[in-house]
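Residue numbers (the working numbering), protein chains in the order written: chain A, 1 to 329; chain B, 1001 to 1270.
Take these hints with a grain of salt, some might be off.
Covered stretches of chain A, as calculated for chain B (at least 3 residues, CB under 8 angstroms) [said to hold, decoys possible]:
| hint | segment |
| --- | --- |
| 1 | 10-22 |
| 2 | 301-311 |
Computed from the model, here is a short list of chain A residues facing chain B with C-beta under 7 angstroms [to be verified]:
| hint | residue |
| --- | --- |
| 3 | 140 |
| 4 | 160 |
| 5 | 161 |
| 6 | 286 |
Some but not every residue of chain A turned toward chain B, in silico, with C-beta under 10 angstroms [said to hold, decoys possible]:
| hint | residue |
| --- | --- |
| 7 | 29 |
| 8 | 134 |
| 9 | 135 |
| 10 | 139 |
| 11 | 162 |
| 12 | 163 |
| 13 | 171 |
| 14 | 283 |
Calculated directly from the structure, the hints in this document are not laboratory data. Just so it is clear, the structure is predicted and the values come from calculations on it, not from any experiment. Backbone N, C-alpha and C fix where the C-beta goes; we use that ideal spot for every residue, glycine too.
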Amino acid sequence: MKKLLIGLSSLRLTLLVILALIVVIVYDLEITPLHESWLAACFVLLALNLAAAIAVRTQFRRQPALLVFHLCLLAVVGLAAVQTLTGFDGRIELAENQAFSRQATEVMQQGPWHANDLGQVNFVQGPVEVDYSPKLRRGRTRSKVFHRNVQGSESTVFGDTQAYHDHGYRFITTPNKGYALTLTWLGQGTPTATGNIHMPSFPVREWDQQNHWQLPSGERVVLELEKPSVPVMTDWTLSSNDFDGRVFIVRQDGTRLALNTGNAITLDGGKLRLDEVGLWIGYRIESNAVLPWLFISGLLATLALGWHFWQNPPAFKDPENQNANNATA
Amino acid sequence: MQIMQQPEQLSIILALFCFLVIGFTALSYPARKFSAIIIMGLLMLATTALAVGLALRWGRLGQGPFMTLYEVLHSNLFSLALVYGLLFWRVEKIRVAVPVGMVFFVILTTWALVSSTEAVVLPPTFDHPWLWAHVISGKLFLAFCMTAATLALLLLWRCEFRSFEGSVKVASHDPVVWRLLAAAFVCHSFMLIAGAVWAHDAWGSYWNWDPLETWSLLTWLSLVAVLHIRVTFELPVWLGWSLAVGVFVLAFLTFFGVPFVSHAPHKGVM
Chain A
1 MKKLLIGLSS LRLTLLVILA LIVVIVYDLE ITPLHESWLA ACFVLLALNL AAAIAVRTQF
61 RRQPALLVFH LCLLAVVGLA AVQTLTGFDG RIELAENQAF SRQATEVMQQ GPWHANDLGQ
121 VNFVQGPVEV DYSPKLRRGR TRSKVFHRNV QGSESTVFGD TQAYHDHGYR FITTPNKGYA
181 LTLTWLGQGT PTATGNIHMP SFPVREWDQQ NHWQLPSGER VVLELEKPSV PVMTDWTLSS
241 NDFDGRVFIV RQDGTRLALN TGNAITLDGG KLRLDEVGLW IGYRIESNAV LPWLFISGLL
301 ATLALGWHFW QNPPAFKDPE NQNANNATA
Chain B
1001 MQIMQQPEQL SIILALFCFL VIGFTALSYP ARKFSAIIIM GLLMLATTAL AVGLALRWGR
1061 LGQGPFMTLY EVLHSNLFSL ALVYGLLFWR VEKIRVAVPV GMVFFVILTT WALVSSTEAV
1121 VLPPTFDHPW LWAHVISGKL FLAFCMTAAT LALLLLWRCE FRSFEGSVKV ASHDPVVWRL
1181 LAAAFVCHSF MLIAGAVWAH DAWGSYWNWD PLETWSLLTW LSLVAVLHIR VTFELPVWLG
1241 WSLAVGVFVL AFLTFFGVPF VSHAPHKGVM
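Extracted from the complex, chain A is given alone in its bound form (with noise of 0.2 angstroms):
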């Protein structure tokens, strides 16, 4: 056993796992991506090796900074592996007025031992807004959403590095967002139905503000939003406010009919009433709770080795006191 912790202990091993884990990344990004199972296998021989440093080598006992930094590192790369067990990353886009739901989140990266509380996770999106400086450069989102607690209902106002959290899920806003149109379709003897249609994402594709559905009857058609201004020269904020332009519905044989909010128009087996245009807004949602252990142990880290570095210079060896000590023997 002892055996086996000293091979694997070898600073050698170290180097090639080392060397190993820079040829999976750069393969992984520059020729072609790799299964993820490359780097976790670097990951875990990387860690067996540390830990086996650490249980046999001397030289930790004598430096306990430099066992600290070693320690720390093993600790960052167990929390990692937890974070993809437990953790969770997701992503959402909601128009206003919209409530959340879980079953509209797209799942990205889920662990087998993710607690799942998302469909607890209960709010109303509220307004949206971006600004703009000329040439379309994005300044400040604000994103309002409304939530029940204990006190009834409440307003959180969030956007860019400020995160909306609820039941341990971080929400925060992407620069995806756009127009949403929220559409009643009212059947002939079928049930009333609402929802929205997102347009592409603006103003980055305001040049194609557009998107295809089916009707409840059974029609496709094509929605199109009359083009929105964009001042591209001037300081702007984006908002639903901002629309006052027309919705066309272009059928299957070409007819274009024009739709202003709150008006219906007939088609083949029902009504289709515009209800109203507002923003939507992406988000990534994201569920990370070792995510403090992970910061504490890289700056323990960070701070052992600097401290490591200040007590012994002298580790790396003096080619000249070398040569020195050489000739005196």
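Assemble the complex: chain A is given as a structure, and chain B must be docked to it using the hints.
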């Protein structure tokens, strides 16, 4: 090529002049006390000029130098000159490498002078206190790494052209190279942590594997590898110095190449 679009560029021209005179003085009068005083004075003058230039731009635009290649070059020239000056004052052994250091300073200064001074509005994600910690530790890392690499380059050059006895003499400077690399390693580690905190608040994730993050990690890993190689093997000194130069080349490409060719979030998403 766009030279002299803004008054603050005068400060860069003055700094360029200082670096050229420093290089000339160091080559003409090496190891003289008066040349060290002149070099110290000129380094202080260059640092002050660069600081004034930065302050002028900051005052005019109302935002820090974080966005464009010109701003990154200008602010790095300031921090490099400041740290190099302090090291020149405190660590006598780096003084032999001043001519090599000045070649690097002259290249950076000329690059800054021919870069576009057009301003780009700071994205709201850059308005964060941890950005400062991230940037300052990054600049310290680059300064220590640059000083180590210029000394290593000088030592390599001397080893190549002088006798074995001479090479053993210059090898007495070897520990300085490694201590500077060790300091660079601490700063780089902190830069990664501070950057992760900033990224977490700015983009919702502390690590996104974007090109700049990935190349920063590769630089950190290469530093780890080089420091471990040094501890593990009885390296010939020339190989150790070559590795130190290699780490700096990688760091330089990461700092001044990757952010300006990729569309990573660091550049500011529209």
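### Query
So which of the earlier hints does this model not fit?
As far as the earlier hints go, not one is violated by this structure.
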